[in-house]
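Trainee: Here is what each chain is made of, one letter per residue.
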Amino acid sequence: MNDPVPFTKSEMMIAAAARELAGQRVCFVGVGLPNIAVNLAKRTVAPDLELVYEAGVFGARPARLPLSIGDPTIVSGATAAMSMFELFAFYLQGGLVDVGFLGAAQIDRFGNINTTVIGDYDHPTTRLPGSGGACEIAINARQIFVIMRQSKRSFVGKIDFRTSPGNLGGAANAERIRREQGWLGRGPSVVVTDLGIYHFDDDGEMRLDSLHPGASLELVRETIAWEPRVSPDLAVTPAPTNAELDLMRVELDPGGAYIR
Amino acid sequence: MSTSKVASMHDAVAAIVRDGDTVAIEGFTHLISFSAGHEIIRQGRRDLTLARMTPDLIYDQMVAAGVARKLIFSWLGNPGVGGLNAIRRVTEGPAASLELEEYSHFGMVARYTAGAANLPFFPLRSYFETDLPVANPLIRPIDSPYGDGTVYAVPPLKPDVTIVHAQRADANGDTQAWGLLGCQKEAAFAAERVIVVVEELVDEAVIRADPNRTIIPGLIVDAVVVEPWGAHPSYVQGTYDRDNRFYLDWDPISRDPAATDAWLADWVHGLDGRADYIEKLGEQRLASLRPSAPAPSGSVDYGEYR
Numbered sequence: 050m051n052d053p054v055p056f057t058k059s060e061m062m063i064a065a066a067a068r069e070l071a072g073q074r075v076c077f078v079g080v081g082l083p084n085i086a087v088n089l090a091k092r093t094v095a096p097d098l099e100l101v102y103e104a105g106v107f108g109a110r111p112a113r114l115p116l117s118i119g120d121p122t123i124v125s126g127a128t129a130a131m132s133m134f135e136l137f138a139f140y141l142q143g144g145l146v147d148v149g150f151l152g153a154a155q156i157d158r159f160g161n162i163n164t165t166v167i168g169d170y171d172h173p174t175t176r177l178p179g180s181g182g183a184c185e186i187a188i189n190a191r192q193i194f195v196i197m198r199q200s201k202r203s204f205v206g207k208i209d210f211r212t213s214p215g216n217l218g219g220a221a222n223a224e225r226i227r228r229e230q231g232w233l234g235r236g237p238s239v240v241v242t243d244l245g246i247y248h249f250d251d252d253g254e255m256r257l258d259s260l261h262p263g264a265s266l267e268l269v270r271e272t273i274a275w276e277p278r279v280s281p282d283l284a285v286t287p288a289p290t291n292a293e294l295d296l297m298r299v300e301l302d303p304g305g306a307y308i309r
Numbered sequence: 545m546s547t548s549k550v551a552s553m554h555d556a557v558a559a560i561v562r563d564g565d566t567v568a569i570e571g572f573t574h575l576i577s578f579s580a581g582h583e584i585i586r587q588g589r590r591d592l593t594l595a596r597m598t599p600d601l602i603y604d605q606m607v608a609a610g611v612a613r614k615l616i617f618s619w620l621g622n623p624g625v626g627g628l629n630a631i632r633r634v635t636e637g638p639a640a641s642l643e644l645e646e647y648s649h650f651g652m653v654a655r656y657t658a659g660a661a662n663l664p665f666f667p668l669r670s671y672f673e674t675d676l677p678v679a680n681p682l683i684r685p686i687d688s689p690y691g692d693g694t695v696y697a698v699p700p701l702k703p704d705v706t707i708v709h710a711q712r713a714d715a716n717g718d719t720q721a722w723g724l725l726g727c728q729k730e731a732a733f734a735a736e737r738v739i740v741v742v743e744e745l746v747d748e749a750v751i752r753a754d755p756n757r758t759i760i761p762g763l764i765v766d767a768v769v770v771e772p773w774g775a776h777p778s779y780v781q782g783t784y785d786r787d788n789r790f791y792l793d794w795d796p797i798s799r800d801p802a803a804t805d806a807w808l809a810d811w812v813h814g815l816d817g818r819a820d821y822i823e824k825l826g827e828q829r830l831a832s833l834r835p836s837a838p839a840p841s842g843s844v845d846y847g848e849y850r
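Chains as they are written, first to last, in our numbering: chain A, 50 to 309; chain B, 545 to 850.
Derived from the structure by calculation, the hints contain no laboratory data. Please note: incorrect hints may appear among the correct ones.
[Said to hold, decoys possible] For each label pair, taking beta carbons as the anchor points, the in silico distance ranges come out as:
#, chain 1, residue 1, chain 2, residue 2, range
1, B, A831, A, G219, 29 to 35 angstroms
2, A, E224, B, P685, 16 to 22 angstroms
3, B, A839, A, P55, 55 to 61 angstroms
4, A, G219, B, V750, 56 to 62 angstroms
5, A, M131, B, P838, 19 to 25 angstroms
[Said to hold, decoys possible] Cut-off 20 angstroms, straight-line C-alpha distance, at most; resulting in silico cross-link-like pairs (EDC-like, lysine to aspartate or glutamate):
#, chain 1, residue 1, chain 2, residue 2
6, A, K58, A, D258
7, B, K614, B, D704
8, A, K207, A, D169
9, A, K207, B, D704
10, B, K614, A, D171
11, B, K549, B, D591
Please read all numbers here as calculations on a predicted model, not as lab measurements. From the three backbone atoms N, C-alpha and C, an ideal C-beta is built for every residue, glycine too.
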């Protein structure tokens, strides 16, 4: 008998996010936590996953998990390296991306995302990186996965700036607008945090479906600015397996940048 | 026959980059001409509008050195590390002094594309239901002339000067690159004047043996600067790796204005150019950045047709 291996909240979050990619085909990989989650999925639940990087790579096979997603390892051994125009115009806007995997600084109950500023736009208290490709990924990828740590500063009642649209003010309105404006995307479908896994109800609001081991509803409520909706069938997320932990610790993040 | 455009970095920047210019030093993580940025600092250019999708450390350094009046960009950060601290100091709070013009990545690519193709705008399916068109009124909705809905338009971006780094060029400026191509080609074709900086100067025959690999023809190039390691701490696919240690080290340096000034004095103002910089960096550091093994492409046969 093996004793269960202790794991960090970040390792649980990354493992849970990776498992959500089972059955997906083409994934647009964002900077930071999405990058390690997608690379873990490729090595576990989704070996056929095609990794798309905004820097202009389709079918990447990164041999290491770099600090920046624009690293030479995403090119060596890839299916295709191209200009960013081709990547954004033909692959993303052309409708070939199944999942856009994003991080966020702020998110609201409908999955709208802010990565631009905290505070007023012209005189922000914190200037964040901005859209990068996130705005067009949110509109053109078939569905959006989000991975982020939750806190009252990040899970907010009203985001300070809408960088990437989610379910706007609710699903009915969002569906009408997407149809009228010809979006390919159907919006956010999964949010994975350090405490649990959320999917979206029919009315477009986030719903807690699974609590990670060690997390509690009290902790969830303390770290969300609104009263979170909780599934009547609330599950407990299975702990990271030894195989997942090994991959994260030995192969993907030996320096501990993401998993600590 | 063509005359050589090979110049020193000093002479290329002196002749081609002017105060008040809009300058694009492009390269998406890959092939960023830090050496050109440093030379612009050394020559004391002022009031530049700096365009780049990802301003990266090079624009953080240039903003800290006081060359810039405005930034045009789409992602403002130090990837995997955090913010660009010198830029944050002049963009946050009531004393914010640096003008910002902000797009998404596809918006920036589309702007260069419109500039290169001499179009009045470029349409794209981005920005719907976001605050970006509010923050930047140059992003505007436009009805399809064929009656099938609304898209967003961005205006052309035509830099006065585009500077790109690449693996190799001939003396005429015919330039070949591989690896991440970013929007090097679009930014070069959109510009009024172009400087290419290369790891290696090659004979025209090398270019002609592999024409598919040419991203920029000498036709639009004004100067060719040959500077091995000119992209460090950025990288050159197949030649040297990204110096992630430097990207990490820059964070604490750039958080402290005095440390930032000291770094600029040490590594930019105090040096004559890239050769000095490489010597100061030291052989051990350079050796640590070489690829772990070669990974050559198979060659292709273009055939000869007479």
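Trainee: For each hint, tell me whether it holds in the structure or not.
Mentor: These are the hints, each one checked on the structure:
1. Distance hint check for A831(B) and G219(A): the Cβ-Cβ separation is about 58 angstroms, which falls outside the suggested range of 29 to 35 angstroms.
2. Between E224(A) and P685(B) the CB atoms are about 20 angstroms apart, so this pair conforms to the stated range of 16 to 22 angstroms.
3. Between A839(B) and P55(A) the beta carbons are some 38 angstroms apart, a value that contradicts the proposed interval 55 to 61 angstroms.
4. Taken as a hint, the range 56 to 62 angstroms holds for the pair G219(A) and V750(B), whose Cβ atoms sit roughly 60 angstroms apart.
5. Checked against the hint of 19 to 25 angstroms, the C-beta distance between M131(A) and P838(B) comes to roughly 23 angstroms, which is consistent with it.
6. The suggested pairing of K58(A) with D258(A) holds, with an alpha-carbon distance near 17 angstroms, which does not exceed 20 angstroms.
7. Distance check on the hinted pair: K614(B) and D704(B) sit about 14 angstroms apart at the alpha-carbon level, within 20 angstroms; holds.
8. Pair hint K207(A) plus D169(A) holds up; C-alpha atoms about 13 angstroms apart against a cutoff of 20 angstroms.
9. With a C-alpha separation of about 41 angstroms, the suggested pairing of K207(A) with D704(B) is violated against the 20 angstroms cut-off.
10. A hinted pair counts as satisfied when its Cα atoms are at most 20 angstroms apart, and K614(B) with D171(A) qualifies at roughly 14 angstroms.
11. With a CA separation close to 27 angstroms, the supplied pair K549(B) and D591(B) exceeds the 20 angstroms bound.
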